[in-house]
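Protein chains: 2
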Amino acid sequence: MGTVVKSKERVSRRTMMKGAAGAGATGLAVGVGTRMNGGGEVKASALQSSVEEIAEARGLTPDDITAALKTYVPSGVHDDFLIFSSGGQSGQVLVIGVPSMRLLKVIAVFAPEPWQGFGFSNDTWDVLAGGEVDGKVLTCGDTHHPGLSETEGQYDGQFLFINDKANARIGVIDLRDFETKQIVKNPHIISNHGGTFVTPNTEYIIDGSQYAAPHAWQYAPIENYADEYRGAMTFWKFDRDAGRIAQDQSFSVELPPYWNDLADAGKGPSMGWMFSNTFNTELSYGSGGGDAPPVEVGASQRDMDYLTVINWEKAAEVVAAGRAEEVNGMPMIPMGVAVEEGLLWFVPEPKSPHGADVTPDGKYIVVSGKLDPHVTIYSFEKIQQAIADGKYEPDAYGVPVLDFEACMEAQVELGLGPLHTQFDDQGLAYTSLFLDSGIARWKVGGEGVDDGWKLIDMIPMQFNTGHICVAEGDTVSPAGQYLIGMNKWALDRFHPVGPLLPQNFQLVDITGDQMQLLYDMPIGIGEPHYVQMIKSERLENIWEVYPEVGWDTINQAPSEFATQIGQERIERDGENVTIYMTTIRSTIRPDYIELQKGDKVTLHLTNVELAHDATHGFTMPGQDINLSIEPGETTTVSWVADTAGTYPYYCTEFCSALHLEMMGYLLVTP
Amino acid sequence: MGTVVKSKERVSRRTMMKGAAGAGATGLAVGVGTRMNGGGEVKASALQSSVEEIAEARGLTPDDITAALKTYVPSGVHDDFLIFSSGGQSGQVLVIGVPSMRLLKVIAVFAPEPWQGFGFSNDTWDVLAGGEVDGKVLTCGDTHHPGLSETEGQYDGQFLFINDKANARIGVIDLRDFETKQIVKNPHIISNHGGTFVTPNTEYIIDGSQYAAPHAWQYAPIENYADEYRGAMTFWKFDRDAGRIAQDQSFSVELPPYWNDLADAGKGPSMGWMFSNTFNTELSYGSGGGDAPPVEVGASQRDMDYLTVINWEKAAEVVAAGRAEEVNGMPMIPMGVAVEEGLLWFVPEPKSPHGADVTPDGKYIVVSGKLDPHVTIYSFEKIQQAIADGKYEPDAYGVPVLDFEACMEAQVELGLGPLHTQFDDQGLAYTSLFLDSGIARWKVGGEGVDDGWKLIDMIPMQFNTGHICVAEGDTVSPAGQYLIGMNKWALDRFHPVGPLLPQNFQLVDITGDQMQLLYDMPIGIGEPHYVQMIKSERLENIWEVYPEVGWDTINQAPSEFATQIGQERIERDGENVTIYMTTIRSTIRPDYIELQKGDKVTLHLTNVELAHDATHGFTMPGQDINLSIEPGETTTVSWVADTAGTYPYYCTEFCSALHLEMMGYLLVTP
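Line order of the protein sequences matches chains A and C.
So that you can map any letter, position 419 of the first sequence is 913 in our numbering, and since no number is skipped, the others follow by simple counting.
So that you can map any letter, position 415 of the second sequence is 909 in our numbering, and since no number is skipped, the others follow by simple counting.
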């Protein structure tokens, strides 16, 4: 079996190459180039298939060939970047490698997921229940904007936050184990959109209301919209040591019943401030059961809406000074106080704005008007000057509206339906064009920049791009290199899979003079809205296994229910039965459990293995239970044995050659 | 913007190329080859990056380059094959393109999925409830073996079936819209594994019990295992016109309390028969609370277990003749009757068998012994001859065990831990080796074949391969070309994502003299057990949109609740409120709904669009509702308005530039 040896050599070679990757070109790789440049026959593999033969047979163009070579990541080689993507209405987060565009994991956040055991173990159910509404534990969500934790304006690879627009909730994911640890429900607003965006040191997680409603999830007649409906900007305090949002140190700023869209935190010179665009200043709430036009018409009347500008550092001081009001258990700064304290400002923005993105240097804020072909760039310095100069008039709610011309730095005409802007490491900006189905590249201007505020080129997208992402493109130091367009319509891009189509992520190489489309990635799990792309090397704290056998993965601490081999037992206290169970290849202990009908069962299950990838699963027929017990984890599930029967339970993760035999019998006597 | 035009040309060109794909090499592609063979500088793209520069910079080996080119599928070009993969403990089915290995869709089957609205609309909840256990609707499952419907032994692209091992259920997916239409629970057995495997014209879906238990989900003391625990082989009748399993025409054959593993249907000369391997003939049930060893030891004592051989055509006649017994509402042929009628036989199989695969010509059955380094090949003709010659002795349950030597055609030594076998179009077979972490290729023998029953070569896998799949490799006419190894351990293959790792699908080119590894695909959604790979061209019945506006997607017929534009209305009958709603870019009608606290609401929602990809979503805050309404679909959801408040509902699928404005207000008065 000579081929086997050859292939094994190949695997080891890969490991070597990975080690040498930092050097860029290895001796081997140079060898490749030499052989391919040589005249005559090109033999690129032991298969005797040459590059041109394959390209010909498969109809690949020259651009396809470079795209293939720029995106292929061989077995055992790791991707250079990871993207964390919202999973849209799936309620989850997707983790994808770049440039391979391979889906590495779906992280359950707002919807139960049996593979991960999320929502099936007691502790993960409790995480979901943290976001309950009026006693109902929700099992879906509409995730929009993932936010990686930052230190000094750069991703630090520690935590990920994600919003649920539908129910105004935030999920917190620990990037040591890629699991959701907390869900909080916003007590003030019922619908969010401008979240999650973090401040430069993750002091706060910004969460802006979308559709106005009476605060605190209350009822008010629709005709009282102007008076009783409100927006809010919530600042969730993040306790990094605890790995939790600290609701008791969080607060909101009351806003008029405009609808807030996307937000971004200031940095550098604009540190301490945040920016959000705000539309529907028309106060449309649709027909309201009468003759008024629907929102799509009603909210598109005015030529200008607003950029909302908030000094969050000042707001925190105002809360500390006791000038906020307690609303539904959390402080809120009333609009009047916010205005009085000079921490809340509006700046006019052209028509139905979308996207508010701060340049890496913190000097400018870029806003798109989705019904306007321009991006509008505001200067933070000019905004401060306009405030100092008193260049403002109050709006109907008394919020000072700064003079547009005084704050505006530039406008760049890009195309139809501009939405979102990201930045690279070369001083360039990229803006998605929803209606034109493309991405415009333009040059950021400012002091000392020649030819700034100018469109460079455009690449078409397939089709209708929403958000875009440049690697680390919303940090203080973008990485550039790759751009991803998140396209809302896929149409003919992929093999048909029925009337519900995947979305289409398109990977673009932005290193060259022209942008090159590299890869179409179908997303057949929800509609991802936004992603953040982080250099792999920043994710240095990921655990291969849990720190010790018997680990409470929610509290990231030793579990009080940890069970070692030999400690397995079944304890009965009346009808309450507690089982301490272990898993190890290929045995579940105990492998026999006898219950009486009506027993209340609590099962503590410990995976006593600490070998990498030695995960075990656990299922109990008819009880709607599936758990994932990663190496070292202790988890708990409770149920009532309400039906007599014979229940074979087993390991659901193919762990070993005798995995099918890794089972036990639970009997419930009549 | 010259680049735009260029890129647009590229898109059109792609469309042309797709049209010409049947011809193999297009003029353009030949051009590529010529340019790359020419001496001097190779300029493969407008980016001025040459193949060798990219390969050098990215450290790609010659094999990597060919692998990249063999797997890259450019934007707008469709994959040649689709695979339908079990989603393991995720409870779902994954649809993946080959050779690109891109995940095109996750189809919800046994677990709710909000993006698809599965389990959230009334009708999809009813589908889940079809598999309820003792009144509990289950929201998880352990899918193992997808089975595509067949006509004359070849996939016909119409339906897909998938089992839930944990609760002995079967899901039925319609491949016109890739949605789950039915879930049935096996009334006889509590745990299945040998399903779903279809007979050559999808007459029946085979579903074999895994862990023995008293029939009909009953209780019996573990010490009565030999007498009261039983296995069964269930034959689910499929009604192709109705697109449903017809439970009233289905039946089981009673089996001893051995554990059945994998099954396959006979074809050609063996049409009308089926084969399943059977282990734990030791009758181990683990410790049973006493001193007996766990199953991993107890079930591995004997040198021989059994291949179970059933004449299902005869069994159907026996049921029709009234010789079956009604057990929990479905007929079962008692073992004694099965033996008497000559429809049930055992053939000895070496040690802990796994996998039972019928050769494409239907002449042989290949079985692996997972604790034996061989595959054992049985001749169907020899089995029939042994039956005719009376070469058998009864086992402890009276089932005739045929003579091993009389039935055995050949044994091939392959390596450690052989599990599953598939076939290609060249007369070769492929067997996964779990312990050796590889796939062995060997030659099928038989009449007129030289050098048959012989190992050819092996390719290592990363790591621990379970099932494998060759394109159409379990049909009467395998397509060959690609093989996929489903590896259970990924270890270092991908960028770390925490202690719970993805699985690793490895795509292998089997067209050459040596097998070539092409691609590693991480599966971060459950642990897929088995896949089937079908030529794309067989999936010709897929709908782009539903046939008409107002479509009931479960019954695939016009819905009685279809609502056209202008017919939207709110009807009240006491506290019962019925809403007829429509969606169209970018309006939801009605956009205002007023309810009283306590109202019982039924919402019928019709997407009045028939444009490809014009799906709308719908969510209602705090009510745990997310629906997907594909073009033409009518769907229904009910809830109780039990909390006063102001609820902005909206479209959750980014459908248009004014998608954010596609909303309405529902008010519940206190």
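It is worth saying that the hints were derived from the structure and are not from the lab.
Worth double-checking, as some hints may not be accurate.
When chains are identical, the list treats them as one kind, so a pair holds in a single copy or across two.
[To be verified] Keeping only pairs whose Cα atoms sit at most 25 Å apart, straight-line, the calculated BS3-like set for lysine-lysine is:
1. Lys948 x Lys937
2. Lys630 x Lys679
3. Lys679 x Lys1091
4. Lys1094 x Lys731
5. Lys1094 x Lys630
Indicate which option fits the pair Lys1094, Lys731 if close means a Cα-Cα distance not exceeding 25 Å: within, between, both or neither.
-> neither (39 Å within a copy, 39 Å between copies)
Quick one: Lys630 to Lys679, C-alpha cut-off 25 Å, is that within a copy, between copies, both, or neither?
-> within (12 Å within a copy, 29 Å between copies)
Classify it for me, Lys679 with Lys1091: is the Cα-Cα distance of at most 25 Å met within a copy, between copies, both or neither?
-> Answer is between; shortest inter-copy Cα gap is 22 Å, intra-copy 38 Å.
Intra- versus inter-subunit Cα pairing at 25 Å for Lys1094 with Lys630 = both (23 Å within a copy, 17 Å between copies)
Within, between, both or neither: Lys948, Lys937 at alpha-carbon 25 Å = Only inside one copy: Lys948 and Lys937 sit 5 Å apart there, 65 Å across copies, limit 25 Å.
Checked against the numbered hints given earlier, this structure breaks only hint 4.
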